[in-house]
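Given only the sequences and the hints, what does the whole structure look like? Please build it.
What follows is each chain in one-letter form.
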Amino acid sequence: MSDYRTFDVTDRWLDEDRAESYAVLTSRARFARNLEGFPFVPHSGPDVLERVDDYVSERLRQSDYFGSYERIELAHLSETDRAYLKESRLIPKEMERGAPHSTVFLSPDGMASILINEEDHIRAQILAPGLDVEGAVSALGEIDDELSKTVAYAWSEKFGYLTACPTNLGTGLRASAMLHLPGLTLLQEVDQSLRGLTHYGLTVRGFEGENSDFLGDFFQISNEATLGKSVDEIVETLVSVIKRIVEREEEARANLFAHHASAADDAVWRSYAVLRYARKMDTNEALRLLSRLRLGIERDYFQNFTHKDLNRLVIEVQPAHLERKRDEWEKNATRDEARARHLRSRMQGIVLSA
Amino acid sequence: MKKCERCGKDDAVVKLTRIENGQVFSVVLCQSCAAEQSPIQKKIYQKQSTSIDSLLKELLKGQHAAVISEAEAAEHFDIAPCPKCGLEFASYKSTYMLGCPECYIAFAEHLEDDLKKMHHATRHVGSGPPGSSEDLVREQRRIEELREELKTAVEMEDYEHAARLRDEIERTEHQLKGQKTEGKT
Numbered sequence: 001m002s003d004y005r006t007f008d009v010t011d012r013w014l015d016e017d018r019a020e021s022y023a024v025l026t027s028r029a030r031f032a033r034n035l036e037g038f039p040f041v042p043h044s045g046p047d048v049l050e051r052v053d054d055y056v057s058e059r060l061r062q063s064d065y066f067g068s069y070e071r072i073e074l075a076h077l078s079e080t081d082r083a084y085l086k087e088s089r090l091i092p093k094e095m096e097r098g099a100p101h102s103t104v105f106l107s108p109d110g111m112a113s114i115l116i117n118e119e120d121h122i123r124a125q126i127l128a129p130g131l132d133v134e135g136a137v138s139a140l141g142e143i144d145d146e147l148s149k150t151v152a153y154a155w156s157e158k159f160g161y162l163t164a165c166p167t168n169l170g171t172g173l174r175a176s177a178m179l180h181l182p183g184l185t186l187l188q189e190v191d192q193s194l195r196g197l198t199h200y201g202l203t204v205r206g207f208e209g210e211n212s213d214f215l216g217d218f219f220q221i222s223n224e225a226t227l228g229k230s231v232d233e234i235v236e237t238l239v240s241v242i243k244r245i246v247e248r249e250e251e252a253r254a255n256l257f258a259h260h261a262s263a264a265d266d267a268v269w270r271s272y273a274v275l276r277y278a279r280k281m282d283t284n285e286a287l288r289l290l291s292r293l294r295l296g297i298e299r300d301y302f303q304n305f306t307h308k309d310l311n312r313l314v315i316e317v318q319p320a321h322l323e324r325k326r327d328e329w330e331k332n333a334t335r336d337e338a339r340a341r342h343l344r345s346r347m348q349g350i351v352l353s354a
Numbered sequence: 001m002k003k004c005e006r007c008g009k010d011d012a013v014v015k016l017t018r019i020e021n022g023q024v025f026s027v028v029l030c031q032s033c034a035a036e037q038s039p040i041q042k043k044i045y046q047k048q049s050t051s052i053d054s055l056l057k058e059l060l061k062g063q064h065a066a067v068i069s070e071a072e073a074a075e076h077f078d079i080a081p082c083p084k085c086g087l088e089f090a091s092y093k094s095t096y097m098l099g100c101p102e103c104y105i106a107f108a109e110h111l112e113d114d115l116k117k118m119h120h121a122t123r124h125v126g127s128g129p130p131g132s133s134e135d136l137v138r139e140q141r142r143i144e145e146l147r148e149e150l151k152t153a154v155e156m157e158d159y160e161h162a163a164r165l166r167d168e169i170e171r172t173e174h175q176l177k178g179q180k181t182e183g184k185t
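Protein chains in written order, with this note's numbering: chain A, 1 to 354; chain B, 1 to 185.
I should point out that these hints are in silico values taken from the structure, not numbers from a laboratory.
Per label pair, the in silico range of CB-to-CB distance: (1) A:Glu233 to B:Gly8: 50 to 58 Å; (2) A:Val9 to B:Lys2: 52 to 60 Å; (3) B:Glu112 to A:Arg312: 41 to 49 Å; (4) A:Asp232 to B:Glu112: 21 to 29 Å; (5) A:Glu233 to B:Glu112: 16 to 24 Å.
Predicted, not measured: the structure shown is a model, and the values here were computed from it.
Just so it is clear, CB atoms sit at the ideal spot from N, CA and C, and this is done for glycine as well.
As structure tokens, this is what we get:
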């Protein structure tokens, strides 16, 4: 287990309960930037990557604003710790393999990360609890201002911020929210609800980002186009579309219990029963069952188990999160056994409504 | 009471509705069949996620077409490589990764089709970094204009005006130098 202090404050965004926490796990915004005068990362050898890492790291360390950030060289972390940062949504899946000279600076509150040598020289990202894309983007803007004082960005009047892949060109901004849509999924209306996204320049991804499955009924909605639209326009479109989907999800949940009450109830209680008593469980099954539990919270079936508690469990059952807690549990249990054990103990603590 | 459409034995008590491709499919089921169908609905759900998945792949195909015709590929080899990093346009086309910031200048016109596919736009909207090249370019243009004016003033033998212009050019050049170093440090 690493002794980096930032590891103690990761997942802090899960502590906050927001108005939309019942349908939006988290919001995120990131920008892509590159340095003037250096080749892009995909075409750089180790020597150039090292120079970029050294240069940016040095600038960040000297800056007042980033002085309190913790520098972590991903290649020096254990596989589990890297996976943990990914599960906490602080580094993207692509950085999990810990390539040499790929480095991350984490803010003391665990909400901001600056990534060096991912696909672009610099990527910075902000996490926010629930639906708060505007908050994430505005916090990101502050980081951008500070960063632009310390390094010279590759920029052109015509194309905006120049990125290794032209899909990120322009603002370099990718804003997203992780939606949880068990109601629409059960009613078979997700497809329909998300079909029009491309018309708005938006796209949908799964739980772990690009090319991942829609595990546990999670859908990540983000802007696809980064060029030709201002940051404000991008955010406005994204937020208004997300709000509409959240409304539809709310309707779907109400609809489920109004028209398919016994089936919906059965789904909730069956899931609860398995989570409460199972002895082995993989991540996918846990996410699927927890998703059904969301509907039970909606129906006030549980006295002391909230949407926020559920959101935390979604992260806690992830493999690396379980591994890091292993010390507290029996050492020789398999991971699936440890996961079932953790879920059993959490379910045991729930007081059911009469 | 209507019988369950699945087992045909028990009374149908639950109606499940599914909308696919604009068509509405409804099925009335008994309690136990509905419980089997509805709670997890594994099969239907998997089918559905695949359909979203394939839909996405379909959409992405337009953007990252990996397969290009030979004629197109041949055309790509006629494009001069980036003078700064030496990247060939054909190499960009196979990975969609550019070599360096200068590639955007070298391949500007050839990138337009891709940009349209990716963003439905070919120009940046919004601001740049403070002291960005936008400002620098503007200042540089201003200096060029002043030099032209200075030339005309000398030709016209308006030495007083020429002296003023010379001072302004020096001042602007000095400022520009300051901005450039500021941006680099």
